[in-house]
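Enquirer: Read off the chains here:
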Amino acid sequence: MADERRFLGPPRRTPLAAILAAAGGDGGGGAAGRVFEGVAPLDTASPAQVSFCEGRAYKDALEQTSAGLVLVAPDLAGFVPAGSIAVICRDAALAFGRVAALFHPVPPPSGQIHPSAIIHPDAVIGEGTEIGAGTVICAGAEIGRNCRIGPLVLLGERVVLGDECIIHSHCSVTHAVLGRGVVLHPGARIGQEGFGFNTTADGRFITAPQLGLVRLGDAVEIGANSCVDRAALGETVLGPGTRIDNLVQIGHNVRTGRGCVLVSQVGVSGSTTLGDYVMAGGQAGITGHLKIGSKARIGAQAGVMNDVPPGIEVLGSPAAPKKEAIRAMLVLKRLGSDSRPAAKQKPE
Amino acid sequence: MADERRFLGPPRRTPLAAILAAAGGDGGGGAAGRVFEGVAPLDTASPAQVSFCEGRAYKDALEQTSAGLVLVAPDLAGFVPAGSIAVICRDAALAFGRVAALFHPVPPPSGQIHPSAIIHPDAVIGEGTEIGAGTVICAGAEIGRNCRIGPLVLLGERVVLGDECIIHSHCSVTHAVLGRGVVLHPGARIGQEGFGFNTTADGRFITAPQLGLVRLGDAVEIGANSCVDRAALGETVLGPGTRIDNLVQIGHNVRTGRGCVLVSQVGVSGSTTLGDYVMAGGQAGITGHLKIGSKARIGAQAGVMNDVPPGIEVLGSPAAPKKEAIRAMLVLKRLGSDSRPAAKQKPE
Amino acid sequence: MADERRFLGPPRRTPLAAILAAAGGDGGGGAAGRVFEGVAPLDTASPAQVSFCEGRAYKDALEQTSAGLVLVAPDLAGFVPAGSIAVICRDAALAFGRVAALFHPVPPPSGQIHPSAIIHPDAVIGEGTEIGAGTVICAGAEIGRNCRIGPLVLLGERVVLGDECIIHSHCSVTHAVLGRGVVLHPGARIGQEGFGFNTTADGRFITAPQLGLVRLGDAVEIGANSCVDRAALGETVLGPGTRIDNLVQIGHNVRTGRGCVLVSQVGVSGSTTLGDYVMAGGQAGITGHLKIGSKARIGAQAGVMNDVPPGIEVLGSPAAPKKEAIRAMLVLKRLGSDSRPAAKQKPE
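Chains as they are written, first to last, in the working numbering: chain A, 21 to 368; chain B, 21 to 368; chain C, 21 to 368.
You may find that some hints are simply not true.
Intra- or inter-copy, both count: the list cannot distinguish identical chains.
Stated by the list, open to error - List time: in silico DSS-like cross-link candidates among lysine-lysine, alpha-carbon distance up to 30 Å:
id	residue 1	residue 2
1	LYS343	LYS315
2	LYS311	LYS342
3	LYS343	LYS311
4	LYS342	LYS315
5	LYS311	LYS79
6	LYS342	LYS353
None of these hints come from the bench; they were simulated from the model.
Bound-form chain A, shown alone (with noise of 0.2 Å):
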């Protein structure tokens, strides 16, 4: 914990009832007034810490914590151990981002502009954006009110970014409109040109124009090197509130709709569209123009290769409907573990 410390600084001592209002739960009758000392995980928090369970799978863990007060959810309050406050909540992970944010709050952004950062005249800043050391801004770009700009970010030409954008090391955006709220994690990689060429009568490959832009939707947030291809013509479109994880690829006119979640290394091929809240495992790729419904669930490291109707879960490569493909799973891992040799059988 001591070097967990070194990073968040002291915890903020708070008492209960500010805790018992962030959280909007009930519980701790009678001991308003006990003041704690951070947040910690059910099997490490000592009695002046608040932790939280996350689910039945974490039952043995609550049973033996020592955590101060737990956050938990009505049915499992039963299994909070004599020595710590019980909080209900309706639902204990939520509310304990809230009581971590009591701990510690995250600063504002400081407003100041390193004076290593290169900012073209020609761009806007807002009022109250922080912008780190190293950082170059180009002429033309548009930054809103509140953002915190990291060291070492290339922010193109004539680039927009709403307020209270996070914009994190290294990354580079161009060609490209941010809403409000939208956080890139290091490294990612928003407005390069798309992978599209046209081959000529003697074998050359020639850039097919790459003249679009990509926009990002209030709120979307970008994985530490994810890239995010700007559209050939039109835009590539990323809808409120999408998430992507790390070390994801956008093609070229891709767009989603909104609360999109696509985990780590998913790839999305040009010109393929999502509809709102599509969720796609870790690793999972799905081909150009095809059309993704609402809701649909994509598995981990499937392969996708026709459209999905909304509310579908496909799994496998190439991909198909859940129950299909569990059950061809189930065959395949049948025939693999018979213990007769394989070509034996063979039906007659």
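Got chain A sorted already, so can you dock chains B and C onto it with the hints?
Expert: This is chains B and C only, laid out in the frame that chain A set:
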């Protein structure tokens, strides 16, 4: 479109005659003086704009377009609406590229070196080359003429770049010799040590000597955040015209011929050689020390564990020839979709 | 070789006696005064150069080599041509590494801090440490002795680096404690927020608290553009000597033991633990909250969805024990290669 114009600037107004000359196509008789104002996809183009039809899959969009002029292959000319000028080209996509460049010409490199760039006095920079803010160029580097080096790039000691290279922001290039017209997209990593080590008797890993280099042929393009490792001994080589998408891994001592195409998130392990014009779909993996013949085609997500003869298409993981792989997938699909429980499918 | 020498500089001329001493091998009787001029692979080495034979797979190259001296295992000594000196070593690859370092010694860090580096006055930099151009080191960072920090690196607030770390260009390190001799290749991302969020009643995603850190043990190596996320609470840990290739994803709260090896484009999801000496092939994926036992081996492109016991090898997606997975692959291959139409294979 307002935002698209934001990044492109206003298109140059271009007369029909110039468009015909660039397209190398026929059409528009009697309207040679008509002037156009930009390019757009079929579905959004206005009567003042030029569009193109990529192929038969876009026939419906073609029939409904409002574009003032459409570049189109001979067999689709009959579907161009009455209000549009049909310009018939053998390859409409290639022609469109040339026409789009009339409206949106790419300005030549400025030849300016940003005062914040850190260039070692022993580096040689060719005439006309542009160097971005915060870029670091080390001793002994030799940069050709009319290159465009973006901001925050590292060009390491003694690297060589041919004329007209384009190196986008945040790239690192070390231990590498680049031909003419090489393009590196943001965050590409060229020339770092490969993943090679030996194990001591007591179980420690010792890095094997990584003494070689990377050689990129003329007109090679490498996508954003892709990695090409230097050879252990000798050279890692990408042949002329080879195009590599984003987030691709090229291991040490890999060698490709000319015109290979590796789509996003492909991985090629150490010492594998590819012939000319090999294509690999997204997320395919090729293990080390293999030989992939010229014009071989490797499907998306394929896992190649054996040599592939020239001209062969392989699919699946482990990869098999296309026909065999598809038959296996169909069998598996049938087994999966069978209505009877899996356990009953076992032959008697 | 001319270009190779370009990056290495001229090799130091080295007498046989020094080579024998470094190799810990026997051979070359009577030629102790002979001097060599470099190292090269078997197929290109000249009589003035030293080479080595990695194993029986290279027997043909060994028999045809022109190398003046070959480091070779006892069982291959008989295949060294008459014109070459055979130096017999228990582990020729390890010996070659030591010998190559005689010809191409790595110079120690220069101890120079480039004047363009931006180092907060509250950062502590150890003696002998070299810092590259444009690098940013934040308040409270503690950097050990004899480290080599490349250009355009970010070392965030209060990070800790042990002695003799090598951090290549464009890396970002935040919320992290690094042991001694850690190596980060270009563009590695260490310590950013993980991919964790909760969903509000109205469908918005709220980032879960990301308050933990990354701990990298002594001699850990991380490949180019790989990502290691900080823990939500507690620590993400890579044990001593663990080696990670390029473009690998390590989710928050992952923990590995010592000496794990993860090949390029592997992904390990949050909270999974790996024992000691676990190996995962390229593009393998491991889902979250699993336990992978020590010395387990995970095949390339495998999809691991369940715990793996110690010492077990698994293959395929979903991953199964090697024997079972191979049998299933063979059955599938047979089904795919069968000449009869798939529909007729159904048992009666």
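Enquirer: So, for every hint listed, does it hold in this structure?
Expert: Here's how the hints hold up against the structure:
1. LYS343 - LYS315: within (17 Å within a copy, 34 Å between copies)
2. LYS311 - LYS342: Answer is both: 18 Å inside a copy and 25 Å across each meet the 30 Å cutoff.
3. LYS343 - LYS311: both (21 Å within a copy, 27 Å between copies)
4. LYS342 - LYS315: within (14 Å within a copy, 32 Å between copies)
5. LYS311 - LYS79: between (41 Å within a copy, 19 Å between copies)
6. LYS342 - LYS353: both (16 Å within a copy, 12 Å between copies)
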